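Asks: The two chains are supplied separately, each in an independent frame; assemble them into the complex guided by the hints.
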Amino acid sequence: MNELEKLFTRIVQRVNINLREQAFDTKPYVWDLIPKSQMTKFYAFYGISPDHPLNLQFRHSGLAGSYFLGKIQVTNSLLYKTDVRGDELKKKGTIFQFDKFKIPVSKDEEIVIEDSAFVKTLIHNYSHDPETPEKFFIKDTISTHYANIHGSPSDGCFLGPFSTVDLTTMRDSVIGTYSYVQAGEISHLRIDPGTVWVKSPGSFNFLYRYPIEKLKTYISFEAGKLPEGLFIDFVESRKQDFQRVFEVVNIEPATNVPATSSLDRYAVVKPAMEIGENVLISQRAYLENSYLGKGANAQENCFIINSRLEGNNVTAHGAKIIEADMGKNVFVGFNSFLRGRPEKRLTIGKECIVMPHTIIDIEEPLTVPPGQLVWGLIKNKEDLETNSIAISELSKIKTFFSKGNMFFEGSGADFVSAFQGRIHHILEANGAFFNSSDNSGQGHAQRNQNMSFNTIQPYPRGDEEGLFPTIMIQP
Amino acid sequence: MDKYLIKDLMVPISEYATVSEGATLFEAYLALEQAQEEYDHNKYRHRAILVLDKNNKVVGKVGQLDVLRALEPKNEQYELFEDIRKYRFSSQFIMHLREKNLMQKEPLTDICRNAGQIRVEDLMSAPTEGEYVEEDTSLNTAIHQLVHGSHMSLLVTRNNDIVGILRLTDVFAAIFHTMKECNLA
Numbered sequence: 013m014n015e016l017e018k019l020f021t022r023i024v025q026r027v028n029i030n031l032r033e034q035a036f037d038t039k040p041y042v043w044d045l046i047p048k049s050q051m052t053k054f055y056a057f058y059g060i061s062p063d064h065p066l067n068l069q070f071r072h073s074g075l076a077g078s079y080f081l082g083k084i085q086v087t088n089s090l091l092y093k094t095d096v097r098g099d100e101l102k103k104k105g106t107i108f109q110f111d112k113f114k115i116p117v118s119k120d121e122e123i124v125i126e127d128s129a130f131v132k133t134l135i136h137n138y139s140h141d142p143e144t145p146e147k148f149f150i151k152d153t154i155s156t157h158y159a160n161i162h163g164s165p166s167d168g169c170f171l172g173p174f175s176t177v178d179l180t181t182m183r184d185s186v187i188g189t190y191s192y193v194q195a196g197e198i199s200h201l202r203i204d205p206g207t208v209w210v211k212s213p214g215s216f217n218f219l220y221r222y223p224i225e226k227l228k229t230y231i232s233f234e235a236g237k238l239p240e241g242l243f244i245d246f247v248e249s250r251k252q253d254f255q256r257v258f259e260v261v262n263i264e265p266a267t268n269v270p271a272t273s274s275l276d277r278y279a280v281v282k283p284a285m286e287i288g289e290n291v292l293i294s295q296r297a298y299l300e301n302s303y304l305g306k307g308a309n310a311q312e313n314c315f316i317i318n319s320r321l322e323g324n325n326v327t328a329h330g331a332k333i334i335e336a337d338m339g340k341n342v343f344v345g346f347n348s349f350l351r352g353r354p355e356k357r358l359t360i361g362k363e364c365i366v367m368p369h370t371i372i373d374i375e376e377p378l379t380v381p382p383g384q385l386v387w388g389l390i391k392n393k394e395d396l397e398t399n400s401i402a403i404s405e406l407s408k409i410k411t412f413f414s415k416g417n418m419f420f421e422g423s424g425a426d427f428v429s430a431f432q433g434r435i436h437h438i439l440e441a442n443g444a445f446f447n448s449s450d451n452s453g454q455g456h457a458q459r460n461q462n463m464s465f466n467t468i469q470p471y472p473r474g475d476e477e478g479l480f481p482t483i484m485i486q487p
Numbered sequence: 517m518d519k520y521l522i523k524d525l526m527v528p529i530s531e532y533a534t535v536s537e538g539a540t541l542f543e544a545y546l547a548l549e550q551a552q553e554e555y556d557h558n559k560y561r562h563r564a565i566l567v568l569d570k571n572n573k574v575v576g577k578v579g580q581l582d583v584l585r586a587l588e589p590k591n592e593q594y595e596l597f598e599d600i601r602k603y604r605f606s607s608q609f610i611m612h613l614r615e616k617n618l619m620q621k622e623p624l625t626d627i628c629r630n631a632g633q634i635r636v637e638d639l640m641s642a643p644t645e646g647e648y649v650e651e652d653t654s655l656n657t658a659i660h661q662l663v664h665g666s667h668m669s670l671l672v673t674r675n676n677d678i679v680g681i682l683r684l685t686d687v688f689a690a691i692f693h694t695m696k697e698c699n700l701a
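These protein sequence lines map, in sequence, to chains A and B.
13 is the number of the first residue of the first sequence in this note's numbering; add one for each residue after it.
517 is the number of the first residue of the second sequence in this note's numbering; add one for each residue after it.
If you are wondering where the hints come from, they were derived from the structure by calculation, not from laboratory data.
Check each hint, because a few of them may be wrong.
Calculated Cβ distances over 10 Å to all of chain B for the following chain A residues [stated by the list, open to error]:
(1) F36
(2) P65
(3) T207
(4) K211
(5) P213
(6) N217
(7) L219
(8) R221
(9) D253
(10) E405
Chain B is faced by these chain A residues, among others (derived, beta-carbon under 7 Å) [as the list claims (entries may be wrong)]:
(11) F108
(12) D111
(13) W209
Simulated crosslink set (DSSO-like; lysine-lysine; CA at most 30 Å straight-line) [said to hold, decoys possible]:
(14) K53/A x K39/A
(15) K616/B x K415/A
(16) K570/B x K391/A
(17) K39/A x K237/A
Treat the numbers as computed from the prediction; the structure is a model and nothing was measured.
Built from N, CA and C at the ideal position, the CB exists for glycine as well.
Chain B on its own, in the form it takes in the complex (with noise of 0.2 Å):
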């Protein structure tokens, strides 16, 4: 693994999907279909946008989850059955009051009022402590960041400015290359 450095395998932030905050829903996709068609490297997908302050500073990021959780729909019922936890209840009881509240719901139904209405900032995740990693840190302790944090990408960093994301599908493809060259067979 030592054959391959962060900054090797990072895309570079220019080639990354961002707005500025304050942004659309829908102008972020945009924002990442464009960047999708102008990185064509390989054959995976951006999974996430990165949203920028006046300063071109990332303050957050918005992935896939964050788009369908913003979405789904919500009422005073669902914040409910959230806050029921701390009396004990069990998941499998949360979830089914959950689903049989959907089920009274037409999921997604103001997809198209949403995408224009909801701003970036109101569903963006600020990155946290383990999310960052210095450029020439070893790929080792980039991995370990990525399992540890559960993360689906790191913002990698060159004198505290973002330079790039490290994302986990192209981790993932490295160990797969460098196991295939072991010659197991």
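Only chain A is shown next, with the shape it has when bound in the complex (with noise of 0.2 Å):
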């Protein structure tokens, strides 16, 4: 056994030792997962920009075909085409507003990964733990395929693949497959695969739960498998031309980017894109014959196929959408999946809110009415009008209802309110309300113009090899 098998042994242990509660044996999920071969094909890369802080350290790790940026530390972790993102950690100086409490952040804050293994996850924003301003920690947690880590400390965790743990802490929990939690802290905790939890404690308690049967033909992951279903197929069938963009060194945009956009030279893009003002387009995006207003963003692992985004679309990090229309200010959450097709396409009304995790797959055009939050399963008109609600008339909740499979408790007010101004929030830091004449608004789609990328490399051979010998990176 050479040092990366007994690395990811280790890591097994540690996180098994953290679910033995659960009697959660990590080791037939994710052995296979992470291929050892593989550990030595891909580089791994970071950006180095005048906007962001630079302190990268690695020690003892993997990183296969990995990014970084901003202030991190990855110590006995192996990370397979992994993002850590490091573009909003809190800087020195700065107030962190928690409740009642304004934490003043005393230096600049840092991602800690130790002891950890994921497989194309994301791991992006900040720690949102009040008890932890300065270090967005993840220890003992192994993620798998597609799951995104947003704001979220771990210590102890397993995520499956397309889970998204979103602005809360976790401690000692299972993320089942498919699975969307924000819940602002949780810990020994099991979730059930295809459960998109929204809790804001004292104010509303949003739940929907996937008929697990249906929920299979997207995604499902058994021990001893790889994932499986159409999520992964639709991945997989575009993975050339994912192989191409990092294989090239010097890379020409395919098409005509404004000055106000950026577009990053590890995002696909097929003809024939048009893109407005003031867009972000993310690393390992992918976007085809499509439209995108003033102030859209595609973010990391979207796919845009054949569609219009009209202008300030938020689309969550792994959402795709296909053969649809949508019109402006429609937010698309984390993994969502919208697929319309030729001639029958997807029509989403303006400023409508698409939870995280949702899927919306028809085979007759449909046609979502401006201002409804929609979520869960969508396959037609029936189930559209057991999964959505009018913006307006959840605003008039007070007290609770339910709907098919959907719980809703709290205020329908607060819950509006809180999405809205995290969609604002998105936008303004995705630079989308940027205003070229005076300068003021600049986001991530105007910073990242400014970055350049170096790539570093693991022992090709010998007891290490896969492994990348300990490299500190600073200005």
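Replies: Structure (structure tokens):
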């Protein structure tokens, strides 16, 4: 057994120890997920920009195909094609508001990863844990394909494929396949696959649970097997296009990009794209034959194909939009899968909120009226009726209501306000409101233009094969 | 209270309602009815049936709540409501969901069919450690066990054999009787 295998064994054991109360053995799920032979094949890379602090420290870790930006420490960990994006970390001297607390940030925040393994995971945002405002920690944690760890410190957790933990500190918990959790803090919890749970303590609680048999068509994950389903087939079928952008050193943009917009060189762009002002296209995004209006964005692992986004559209990490027309200010949450058909398009009216982890997969044309909140599995008009509500109606809810597999308790107005506030923040952070005449409202779309990339390589052979030497990268 | 002994207050197991494993809910009811007819020491009715294995050892107890729970209409939604508790919904909301669900059903419509089909072992609860009391233990200790465990009765043992049932109602009557003798008026 070489060092890389010993390291993986050690990580699996540490996570299992944390999850012993739940008798959850991660090994049968993950042992074949991190292809040890692949760990030597891919370089890792990092971004340099005048707009972000730089302090990268890698020790005794495998980093194949992974990307780093900002202040990040990685120790005793294995990262495979994982993005750790520290472009929203808190800066020294700022104030972190948490409930009634105004917390001064005493030094630049850092992402600290220890004894963990990730496959094709996105780590982004900043620690929302008021107890560790300067340290976004992730330890003794394993996450699998296309999971998102978003502003969520983690200790002793397992995340299934296409799961998302958002703005939540998690400890000793299992997050099921395609589950989304935003609950502030969770501990010793096993989240069932296909759960969408958004809770703001004392304010509201939203829960939707997928019919598990129907979800299996899209994604399933069993011990001893690789993740399976339409989601995996969908991304695998476009893998070749990504290989090209990662293999070529100097790549020319395949479309015109306005000066106020940014197209990451590690995104795939296929004809015929039209990109408006203040648009952000992140790495590992896939765009084909689509229109992105002013202020729209496509975040990591997004796919936008044969679609129109009219402007100020948030397409969150991992969302997919195919054969669809999206009105202005439509929010599409993490890992959602929206698929119309040629000549049978999906239309989503302006100012709709598509909840994270929503699947709309239609065989006949479908129109979602403006100003709706939609969630869950929607395959036709009847499903849409069950899995949607006018945002204006939801705002009136003061106690509780349920619809189909969805349960809501608390203040609808608070829920709507929280979502709308967050959407506004995302657009602002992404530079959607940038004004070139006075240079105000700069965000990622403008700052990312000042980015260059360097690569680093692992040991090619020997006991340390696949691991990277200790590397410190500082200004 | 010292004058009361557990063995004086308990119902001997021979006078209590018992059935064997495999009995139906209806057979359990018949056993309860028969035991009540034969046991006429006071007006308090038996409220539970003991389930015995083939060696006549007590393996479970069927109480009134167990029966109602078994007869209550259930469906997938019912299970779902219980399951969403872990996602921190309030008890009030879960109760509301249950009531809404129950209104769509006709409660207890299948009572006759269920009574003949449900086996006692499907609804009995196995006695927990705190439900046993030795017959020579003080009544004060038995009262503590009843209160602490919110039990309706305790199984009274002699050398590990169950010899009787100490019912809450009999303990309560003894306490009232003691109060009466205090001549507080």
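Asks: Each of the hints needs a verdict: does it hold here or not?
Replies: Now for the hints, and whether the structure bears them out:
1. Remark: the non-interface label on F36/A is consistent with the geometry, its nearest Cβ contact in chain B lying 16 Å away (cut-off 10 Å).
2. No Cβ of chain B comes within 10 Å of the Cβ of P65/A; the nearest lies about 37 Å off, and the non-interface call holds.
3. Chain B draws T207/A into its interface by the beta-carbon criterion, the shortest separation being 8 Å against a cut-off of 10 Å.
4. With 10 Å as the threshold on Cβ separation, the claim that K211/A sits away from chain B is violated: the shortest Cβ distance comes to roughly 6 Å.
5. In this structure P213/A is not separated from chain B by more than 10 Å, as the shortest Cβ-Cβ distance comes to only about 8 Å.
6. With a closest Cβ-Cβ approach of about 6 Å to chain B, N217/A is found to fall inside the 10 Å limit, against its non-interface label.
7. Non-interface status of L219/A relative to chain B is broken: a Cβ of that chain comes within 10 Å, the nearest being about 5 Å off.
8. Not every CB of chain B is more than 10 Å from the CB of R221/A (nearest about 8 Å), against its label as outside the interface.
9. Against chain B, the non-interface label of D253/A holds: every CB pair exceeds 10 Å, the least being about 39 Å.
10. At roughly 19 Å, the least C-beta separation between E405/A and chain B is larger than 10 Å, which holds for a residue marked as non-interface.
11. With a cut of 7 Å, the hint placing F108/A at the interface with chain B is violated, because the nearest CB-to-CB distance is about 25 Å.
12. At about 17 Å, the closest approach between the beta carbon of D111/A and any beta carbon in chain B exceeds 7 Å, and the interface hint on this residue is violated.
13. A least Cβ separation of about 6 Å between W209/A and chain B falls short of the 7 Å threshold, and the interface hint therefore holds.
14. The suggested pairing of K53/A with K39/A holds, with an alpha-carbon distance near 23 Å, which does not exceed 30 Å.
15. For the suggested pair K616/B and K415/A, the alpha carbons sit about 12 Å apart, so the restraint of at most 30 Å is met.
16. As the CA atoms of K570/B and K391/A are separated by approximately 56 Å, the hinted pair breaks the 30 Å bound.
17. Annotation: proposed proximity of K39/A to K237/A holds, straight-line Cα distance about 11 Å (limit 30 Å).
Checked against the numbered hints listed earlier, the structure breaks hints 3, 4, 5, 6, 7, 8, 11, 12, 16; every other hint is satisfied.
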